[in-house]
Amino acid sequence: MKNSSAWRRFFQFSALFNFSAAFALLFAPQLLFNILMMSDSLSAEALPWLHQFAGLVLVFGIGYWVISTNPSLHKDIVWMGCIGKLVVFSIAWIDIMLFNAPVGFGVLVIADLIFAMFFAVVWRSFE
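Count the sequence shown with full-length UniProt numbering and you get residues 1 to 127, in order.
Mixed in with the good hints, there may be bad ones.
[Stated by the list, open to error] DEER-style ranges, computed between Cβ atoms:
| no. | residue 1 | residue 2 | range |
| --- | --- | --- | --- |
| 1 | Pro102 | Ser20 | 13 to 21 Å |
| 2 | Gln30 | Phe126 | 18 to 26 Å |
| 3 | Val66 | Glu45 | 18 to 26 Å |
| 4 | Pro102 | Arg124 | 27 to 35 Å |
| 5 | Ile94 | Phe13 | 20 to 28 Å |
| 6 | Ser5 | Leu47 | 38 to 46 Å |
| 7 | Leu73 | Ile110 | 28 to 36 Å |
| 8 | Ser20 | Ser72 | 21 to 29 Å |
| 9 | Phe13 | Ile35 | 19 to 27 Å |
| 10 | Leu98 | Ser5 | 19 to 27 Å |
| 11 | Arg9 | Ala44 | 35 to 43 Å |
Hints were generated in silico from the structure; no laboratory data involved. Beta carbons: idealized from backbone N, C-alpha and C, even for Gly.
Work out the full structure, taking the sequences as your base and the hints as a guide.
Next comes the structure, spelled out in C-alpha cells:
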C-alpha cells in the first residue's frame with residue numbers, strides 16, 4: 001500500500017494543492033482573499049507575512065512531491081506533512097473562534113484536515 005501508484009498520485013495531488021495555494025498567495029492574494037471572504041483583511045502590512053507563509057506552503061509542497069517518488073523511503077516527511085496540515089487547520093479554526101476570522105478561510109483549511117487524515121493513514125501503515 002505504501003508505495004502503490006494510487007498513494008504516489010495522492011502525494012502528487014497534495015503537492016499540487018500546496019503549489020496552487022502558494023502561488024495564489026504570492027501572485028493573486030486579492031483574488032484569493034475575495035474568494036475566502038477576507039478582502040478586508042489584506043493590507044500592505046500583512047503582505048510580507050503572507051509571502052513568508054506562502055514560501056512555507058511551497059516548501060511543504062516540494063516535500064509532498066518528494067514523498068510521491070517513494071512514500072516508504074520518505075516516511076518522516078509524511079509525518080511532518082501530517083503535523084503541518086493539522087497545525088494549519090487548528091490555527092485557522094482558533095482564529096475563527098477567538099478572533100472572528102472569516103469562515104471562508106475555515107472552509108479552505110478543511111482540505112488540510114482531510115489531507116492530514118490520509119497522511120496519517122499512510123504514516124501508520126509504516127509501523
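Tested hints:
no.: 1; hint: Pro102 to Ser20: 13 to 21 Å; result: 20 Å, holds
no.: 2; hint: Gln30 to Phe126: 18 to 26 Å; result: 42 Å, violated
no.: 3; hint: Val66 to Glu45: 18 to 26 Å; result: 34 Å, violated
no.: 4; hint: Pro102 to Arg124: 27 to 35 Å; result: 34 Å, holds
no.: 5; hint: Ile94 to Phe13: 20 to 28 Å; result: 27 Å, holds
no.: 6; hint: Ser5 to Leu47: 38 to 46 Å; result: 40 Å, holds
no.: 7; hint: Leu73 to Ile110: 28 to 36 Å; result: 30 Å, holds
no.: 8; hint: Ser20 to Ser72: 21 to 29 Å; result: 26 Å, holds
no.: 9; hint: Phe13 to Ile35: 19 to 27 Å; result: 20 Å, holds
no.: 10; hint: Leu98 to Ser5: 19 to 27 Å; result: 42 Å, violated
no.: 11; hint: Arg9 to Ala44: 35 to 43 Å; result: 40 Å, holds
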